[in-house]
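Trainee: If you read the protein sequences in the order shown, they are chains A and B. 26 is the number of the first residue of the first sequence in my numbering; add one for each residue after it. 3 is the number of the first residue of the second sequence in my numbering; add one for each residue after it.
Do not take every clue at face value.
Below, in silico cross-link-like pairs of lysine to any residue (SDA-like), each with a Cα-Cα straight-line distance of 20 Å or less [unchecked claim]: (1) LYS7/B / ALA125/A; (2) LYS113/A / GLY127/B; (3) LYS115/A / PRO126/B; (4) LYS7/B / GLY159/A; (5) LYS39/B / ASP133/B; (6) LYS154/B / ARG168/A; (7) LYS6/B / ARG168/A; (8) LYS154/B / VAL164/A; (9) LYS38/B / SER129/A; (10) LYS6/B / VAL89/A; (11) LYS129/B / LEU114/A; (12) LYS39/B / TRP170/A; (13) LYS38/B / ARG168/A; (14) LYS39/B / TYR126/A; (15) LYS7/B / GLU133/A; (16) LYS6/B / PHE165/A; (17) LYS113/A / GLY96/A; (18) LYS142/A / GLY159/A; (19) LYS6/B / ALA158/A; (20) LYS117/B / THR105/B; (21) LYS129/B / TRP170/A; (22) LYS6/B / GLY159/A; (23) LYS62/B / TYR78/B; (24) LYS129/B / SER100/A; (25) LYS6/B / ALA162/A; (26) LYS154/B / TRP170/A; (27) LYS7/B / TRP170/A.
Hints were generated in silico from the structure; no laboratory data involved.
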Amino acid sequence: MRSPASRVRNPQSAIRRGGLRVWGMLCLLAAAVALAGAAAPAPQAPQDLEEQVREIAAQLRCPVCQNLSVGDSPSGLANEMRGVIREKLKAGESRQQIEAYFTSKYGEWILLAPMKKGFNLLAWGLPFVGIVAGAFAVVFLTRRWAGREGATDGGGGEGVPPANPEDAAYRERLRRELDEFAR
Amino acid sequence: MSWKKALIPLAALPLIGLLAYGFTTDPRAIPSPLIKKPAPPFTMTVYDGGPLSLEGLRGKVVLLNFWASWCFPACYEEAPELERAWRAYRDRGLVVGVDIQDTEAAGRQFIDQFKLTFANGPDPGGKIAIDYGVYGVPETFVIDRQGVIAHKQVGGVTDQMVAEQVEPLLKP
Chain A
26 MRSPASRVRN PQSAIRRGGL RVWGMLCLLA AAVALAGAAA PAPQAPQDLE EQVREIAAQL
86 RCPVCQNLSV GDSPSGLANE MRGVIREKLK AGESRQQIEA YFTSKYGEWI LLAPMKKGFN
146 LLAWGLPFVG IVAGAFAVVF LTRRWAGREG ATDGGGGEGV PPANPEDAAY RERLRRELDE
206 FAR
Chain B
3 MSWKKALIPL AALPLIGLLA YGFTTDPRAI PSPLIKKPAP PFTMTVYDGG PLSLEGLRGK
63 VVLLNFWASW CFPACYEEAP ELERAWRAYR DRGLVVGVDI QDTEAAGRQF IDQFKLTFAN
123 GPDPGGKIAI DYGVYGVPET FVIDRQGVIA HKQVGGVTDQ MVAEQVEPLL KP
C-alpha cells in the first residue's frame, strides 16, 4: 500500500519528466536556430549585379526615411546609394568592403542589423535569454502548482484508504445511493 | 521568503535601466564617425568654373556646405549667412557649396537668387555627399587647415556657429 506521501511525489516526477522533455525541445530549438544562423550567410554563387545590389541595399538603413532599407526607399539619397553600391561592385569590391565603407561614413547606425559585438550582443542574446528564463519559469511554476495540488487532495482518490471514518461513512452512503439509482 | 520575492522586481531593474537609456537617445540623430578624421578628398566641377579639389584648399579653413534648391526653408535661411561668412573670412578661409540631388537649372537659380559668390558645384550621383555621410540638407562640415574635419553642423549655418567653430581654427 502506498503512503499518501508517495502519491504526492508522483505528479511531480511526471512533471520532472515533462521538464526533461521541455529541455530536449529547447536544445533542438537552439540547434535549429544555430544551424539556420550558420546556413544563412553561406557564400553564394556569383549572381547578377542588380541582385547583389539589392541584397546589400536591403541590409542598409536609408538615412532619409529611416524606417526603410536603402533597397526599399524611393528617396533620392537611397537611389544614389544604390548607385554607389553598384559602382563598387563593378570595381570588384566585396559585400563586406561595401558595408564597411558605409559604416565608416554613417557609423554603425546604417546597418539594419547591429554588429554581433560588445553592447550589441545584448540585442542578439536577450531574446534567447528570455526564452530560457521563460522555460525555467514555466517548469518551476508548474512543478510548484502540481506539488501544491497533490498535497491538498491527499487521501481522497480511488484505491486509497479513507483518511478518516467520517469519509468512510459518506463513501458507504454514496455507494448505497448509486446502487439504488441503478436499480 | 521576503528577499526572494524582492528578487522578481530586482530582476526587472536592468531591463528598465536599458529602456530608460534607450529613451534618452534620439534614434533619428546620426552621430558622424568623421569628426576629427581627415576630410574625404573630392574634386567637383564648379558652376561656371573649372575643377575644384579639396586637396588644393589645404592650409585654409573650409566651410563645406551641402545644400539643395528644394531644401526649403533651411537652405534659403542659411544662404545669406554663408555668403556673409565667405566675405568675412575669404582671405583665410573658404566656403564651398555642394549642390546635391538637384537639377543644374534649379541650382543655378538658387545661386542667382542669393547672389552667392563662393564656389558652388553639383554632385552627380551623390558621391561627395555619401562620402561625407550626408543624410539631409543642409549639413556643413568645418575643415581645419590640416584637412581634418573639426565640426559637423546639421541644419542651417548661423553667424554664431561660424564664429564659434571657425574663429578658433583661424588662430595661428
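Trainee: Take the hints in turn and mark each one as holding or not.
Mentor: Status of each hint after checking the structure:
1. LYS7/B / ALA125/A: At roughly 48 Å apart (the allowed maximum being 20 Å), ALA125/A and LYS7/B break the hint.
2. LYS113/A / GLY127/B: holds (13 Å)
3. LYS115/A / PRO126/B: Holds. LYS115/A to PRO126/B sits at ~18 Å (cutoff 20 Å).
4. LYS7/B / GLY159/A: Answer holds: LYS7/B to GLY159/A is near 17 Å, not above 20 Å.
5. LYS39/B / ASP133/B: holds (13 Å)
6. LYS154/B / ARG168/A: Distance of about 59 Å is beyond 20 Å: violated.
7. LYS6/B / ARG168/A: Holds. LYS6/B to ARG168/A sits at ~18 Å (cutoff 20 Å).
8. LYS154/B / VAL164/A: violated (54 Å)
9. LYS38/B / SER129/A: holds (13 Å)
10. LYS6/B / VAL89/A: Answer violated: LYS6/B to VAL89/A is near 49 Å, above 20 Å.
11. LYS129/B / LEU114/A: It holds: about 15 Å lies between the C-alpha atoms, which stays within 20 Å.
12. LYS39/B / TRP170/A: violated (62 Å)
13. LYS38/B / ARG168/A: Roughly 59 Å between the alpha carbons, so the hint for LYS38/B and ARG168/A is violated.
14. LYS39/B / TYR126/A: holds (14 Å)
15. LYS7/B / GLU133/A: violated (40 Å)
16. LYS6/B / PHE165/A: holds (14 Å)
17. LYS113/A / GLY96/A: It holds: about 16 Å lies between the C-alpha atoms, which stays within 20 Å.
18. LYS142/A / GLY159/A: Distance ~25 Å between LYS142/A and GLY159/A Cα, so the pair is violated.
19. LYS6/B / ALA158/A: holds (16 Å)
20. LYS117/B / THR105/B: Holds, because 18 Å separates the two Cα atoms, which is no more than 20 Å.
21. LYS129/B / TRP170/A: violated (65 Å)
22. LYS6/B / GLY159/A: holds (18 Å)
23. LYS62/B / TYR78/B: violated (26 Å)
24. LYS129/B / SER100/A: The given pair, whose Cα atoms are some 15 Å apart, holds under the 20 Å limit.
25. LYS6/B / ALA162/A: holds (14 Å)
26. LYS154/B / TRP170/A: Distance of about 61 Å is beyond 20 Å: violated.
27. LYS7/B / TRP170/A: holds (17 Å)
This entry does not satisfy hints 1, 6, 8, 10, 12, 13, 15, 18, 21, 23 and 26, going by the numbered hints stated previously.
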